[in-house]
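Visitor: Given next are the chains, with one letter for each unit.
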Amino acid sequence: MVQPQRRALHPRNAVIAGVLLLIGVVGAFWVPIYARSAPKLGDFPFFYWFQLIWMPVVMVLCYLSYLLLRTPRSQRPDDSVPVESGPIEPGEAR
Amino acid sequence: MNHVNAVSLTMVIILFVVVTGVGFAAARWRRAEEMMHLDEWGLGGRGFGTFITWFLLGGDLYTAYTFIAVPALVYGTGAAGFYALSYTIMVFPIVLVFAPRLWSIARVHGYVTPADFVKGRYGSRGLSVAVALTGILATMPYIALQLVGIQAVLIVLGVGGSGSNGFVRDLPLLIAFVVLAAYTYLAGLRAPAMIAFVKDTLVYVMVIVAVLYIPTRLGGWSHIFSTASTHLAATNPKTKKPFGSLIVMPAGYWAYATLALGSALALFMYPHSITGVFAAKRRDVIRRNMALLPLYSLVLGFIALLGYMALATPAVRAGVKAAGGNTQLSVPLLFENMFPSWFAGIGYSAIVIGALVPASIMSIAAANLFTRNIYRDIFAPGASPRTQTRVAQFVSLIVKAGALVFVFALSKQFSINLQLLGGVWILQTFPAIVAGLYTRWFHRWALLIGWAAAMIYGTIQVYRQPLPGVLGSHWGASSAPVFGHVMYIAIAAFVLNVVIAAVLTVVFRLLHLPEGTDETLPHQYSADPEFVARKPAVAATAAGGSPGPPPAS
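Protein chains in written order, with the working numbering: chain A, 1 to 94; chain B, 1001 to 1553.
Here chain A stands alone, though its shape is the one from the complex:
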């Protein structure tokens, strides 16, 4: 899996990252999930605390995706601009 130039991105990682991100988006898009006032957290109706807590959850999801999709840099700065990069990232390509 580790190549001399650049570690190829495993397709499974791209799929997992995609699912994580989708969960984050759907949790905010599907309004009926959180359009209710109970249960309250302190004085905050559910509608408010759910969204405020979903935000850090999405941060974690984004960070996990970042780790999954990260492709370490391999070129030296003295390469000229249009570089030959490694394999295209699956899941992103096409």
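Hints were generated in silico from the structure; no laboratory data involved.
Incorrect hints may appear among the rest.
[To be verified] Examples of chain B residues toward chain A, derived with CB under 10 Å:
hint, residue
1, T1010
2, Y1083
3, W1254
[What the hints assert, rightly or not] What the simulated footprint calls covered on chain B by chain A, stretch by stretch (three residues with Cβ under 8 Å from a Cβ of chain A suffice, anywhere in the stretch; the number is not a length):
hint, region
4, 1236 to 1250
5, 1281 to 1288
Don't be surprised by glycine CBs; every beta carbon is placed ideally from N, CA and C.
Based on these hints, arrange chain B on the given structure of chain A.
Guide: Positioned in the frame of chain A, the structure of chain B alone reads:
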């Protein structure tokens, strides 16, 4: 409200002067050998790391929209205004997927604007001009929103908006504007990037203090929510319906979800957000930022709650009423009533500077678009980088003047409509840009026709919406009933756009209409090259991404 609070005003003036100094000093920051190049003036040398990009994109995305327009909407309608929170939750996972590809292809080919990419990808000048014009058009109401935010603060400070003479009344706003235009002209993207540090420090201090301190003055969150709920349930004399509710009602689900999704898809189509992306040093900077930027969204959530705090403060309600129901004043009035004068001054400064930073970035981005995709591509194909930069500097001034037209022409009852109107337009460039990052399946002319149809449909729909309770008025709202559901017009137009583009692509394929040349290669969409600063001698290549000598950084 007409008295001038000397202490607050002094704080605002001091901080404004500091920021102005930083803005002009920024011209010397990370100075490159050749400054008269759009990579320098328009993209800050394409060398911003995670830290600066975070501040820059944050300064870009959280604006007077956040500090004035969203709390005003929450103050006026309750839960419906919280779509903004949902929108900023959704935006980062979405952008994390495609922004790195956009960054890579722009870096390899030296693209400065999204329209540069569209031109390179589809070989279609018509489509790239369409994208450029949309970007410029959509940016203007967004800049106008920043001005409305500054105006709201000035009114509460007692130095604007209430005088009898129109010129004297708007003088402080014009001064702030001219100063902004001057350092943007001089320092380019370096100015807002540097000021963003000051701005965010002020914003975070202001929000933390407000969220911890104001509820103690108002008898706790429970009292804030219950008072707000009572006031929202009252009947609006104009519409004969309640003002709003504390929880979104089922009839409002579609509007809430589509406003959030539409805004999220639109945000990174705005030229100023894309400018922030292109200015990043490395590909990973983008993704890492998408995991860090939601911190701003959390702040946005709390700022939105300021709308309820304002609603629970009798003096604010009286002030808004006295100003003819101008809900934009709710947050500045809240500060005036809750904080000692000097701290209110810091809060006002946070709002004013928070409006100036994005206004500067937006005008730079719109100027880049005009210069690269209209001036150079249509009128002066041989324009040197130096000439291009000159033109961009000049256009950045024109764009700001154009924004003033929106300020004076459109209703300010809910300034958020300015941003939503921009969203209706800019979202129509999404198919060409984002689909283009993944596939050449769409035919360039199909995309162009889909874009045109959606722009016309969206504009007419928004034009037809009256202000709540005012018959015969126009540009009053950005949501409308479509197939029985009230939804954000941008999303309806977007669906129309994609359907037309897809159908016509099939037709044009069958007719074998010319496809246009694609100058991009598949592997370039995941490339991560170092940026090579251009030396004056080799600066002539425009879009080729000419390799220069080894980089200085």
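Visitor: Confirm or reject each hint.
Guide: Tested hints:
{"no.": "1", "hint": "T1010", "verdict": "violated, 35 Å"}
{"no.": "2", "hint": "Y1083", "verdict": "holds, 9 Å"}
{"no.": "3", "hint": "W1254", "verdict": "holds, 8 Å"}
{"no.": "4", "hint": "1236 to 1250", "verdict": "holds (count 5)"}
{"no.": "5", "hint": "1281 to 1288", "verdict": "holds (count 5)"}
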